[in-house]
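Chain order of the listed sequences is S and H. According to my numbering, the stretch in the first sequence is residues 1239 to 1410, in order. According to my numbering, the stretch in the second sequence is residues 3 to 157, in order.
A few of these clues could be false.
Under 8 Å between C-beta atoms, here's a sample of chain S residues computed to sit facing chain H [unchecked claim]:
id	residue
1	V1304
2	A1323
3	F1343
4	D1347
5	L1368
6	N1372
7	S1377
8	F1388
9	S1389
10	V1390
11	V1391
12	A1392
13	N1393
14	D1400
Cβ-to-Cβ under 8 Å is the rule here; a few derived chain S residues that face chain H [said to hold, decoys possible]:
id	residue
15	V1322
16	S1326
17	L1341
18	V1401
It is worth saying that the hints were derived from the structure and are not from the lab. Predicted model, so just to flag it, every value in this text is computed and none were measured. C-beta: ideal position from N, C-alpha, C; glycine also.
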Amino acid sequence: MNLSTATLFAAAAFAVAAPDAPVLAWHVTDSHLDPYYEEGIPLGAGCYCESHAACARMPAACVPRVTGGAGPFGEPQDNCATPVALWSAAVEFMASTAPGVRLVFHTGDFSEAGAAAACSSSSPAQAQVLSLVNRSMSSLRAAFPSAAVFSVVANHDTVPGDVVDAGPAQAC
Amino acid sequence: MTIDDVVDAGPTQAWLYDALVELFGATFAADVAAIETLRTGGYYATSPEPGLKVVGLNTLYWSTVNPLLKNASSAASIAGEKQFEWFESVLTEASAAGDAVVLLGHIPPHGAWVPGLFSRFRALVTRFPNVVRAGPSDTSTSLAFRWPLIATDCH
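Whenever a hint applies, use it, and build me the whole structure from the sequences.
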């Protein structure tokens, strides 16, 4: 599943013991965090909102523009993933709106669209995925220090994407 | 390489599942059984508070987005069946204990599950109507807290 720039979150409540004592939870999914997202990257050039300098697999034309280009909080085109600014703003909103929740759920797809291909030889695809999971889970735990934070693995959180139990020769 | 070129290599997800023990399992590090299934299959069941059980499912073993599930004898298919049997035991134990269960999964069971699996899943979940309270899942159509109960089998 890939919802591009949308970081989805919702409040939820369900009863455990008594209907008048609901358990409050936050549910966030498909964060698709992209640490390489860069404001001003031209759209329609196959850049995924990433610069060539930050992610060498992008075309040389992927350089920031002074005006236009990718916005600070994401883009609904070019299969761009979620900029750090959007993720941070979403977590901040969650924490300020309902800080006392007992449960936080993230139902997967932590990684950027296309994370199965590494941005550099020093950042293998598997390490890149794990780094993004760690970064997202850490920010949720920091924002909700008293809550239990749970997550599941999803199709963008493995290498190659969608597949589990594939051979290492197909990893990149 | 196309996705159809991906070959079955047996259980090879240690790079991910070993890491998830720390990344996900930090929330329930003292739950030995939950950590063990997370390490071996990427799924778990644990109780964050009395009366409540959280079940984290690995839907990559149940969904046809994983091309290895086209082969019923692949390691991924076998792991999926193992997860289903484990899931049944978790619900049975939760029912006996009087616990409420929250299901977490990523790929919703709309047309993207292995043919026939959702029928089995629905039959299982509806055996425990007072147990399964919520099933948040990724979906492109809605943030559903209801799919275990109202989704329909497309297969």
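So, going through the hints one by one against the coordinates:
1. V1304: With Cβ-Cβ at 35 Å, over 8 Å, it is violated.
2. A1323: Check failed: Cβ of A1323(S) comes no nearer than 22 Å to chain H, outside 8 Å.
3. F1343: 5 Å, holds
4. D1347: 6 Å, holds
5. L1368: 5 Å, holds
6. N1372: N1372(S) check passes; min Cβ-Cβ to chain H is 6 Å, inside 8 Å.
7. S1377: 12 Å, violated
8. F1388: 5 Å, holds
9. S1389: At 5 Å from the nearest chain H Cβ, S1389(S) passes the 8 Å test, so the hint holds.
10. V1390: 5 Å, holds
11. V1391: 5 Å, holds
12. A1392: Nearest chain H Cβ about 4 Å off; hint holds.
13. N1393: 5 Å, holds
14. D1400: With Cβ-Cβ at 5 Å, under 8 Å, it holds.
15. V1322: 18 Å, violated
16. S1326: 19 Å, violated
17. L1341: 7 Å, holds
18. V1401: 5 Å, holds
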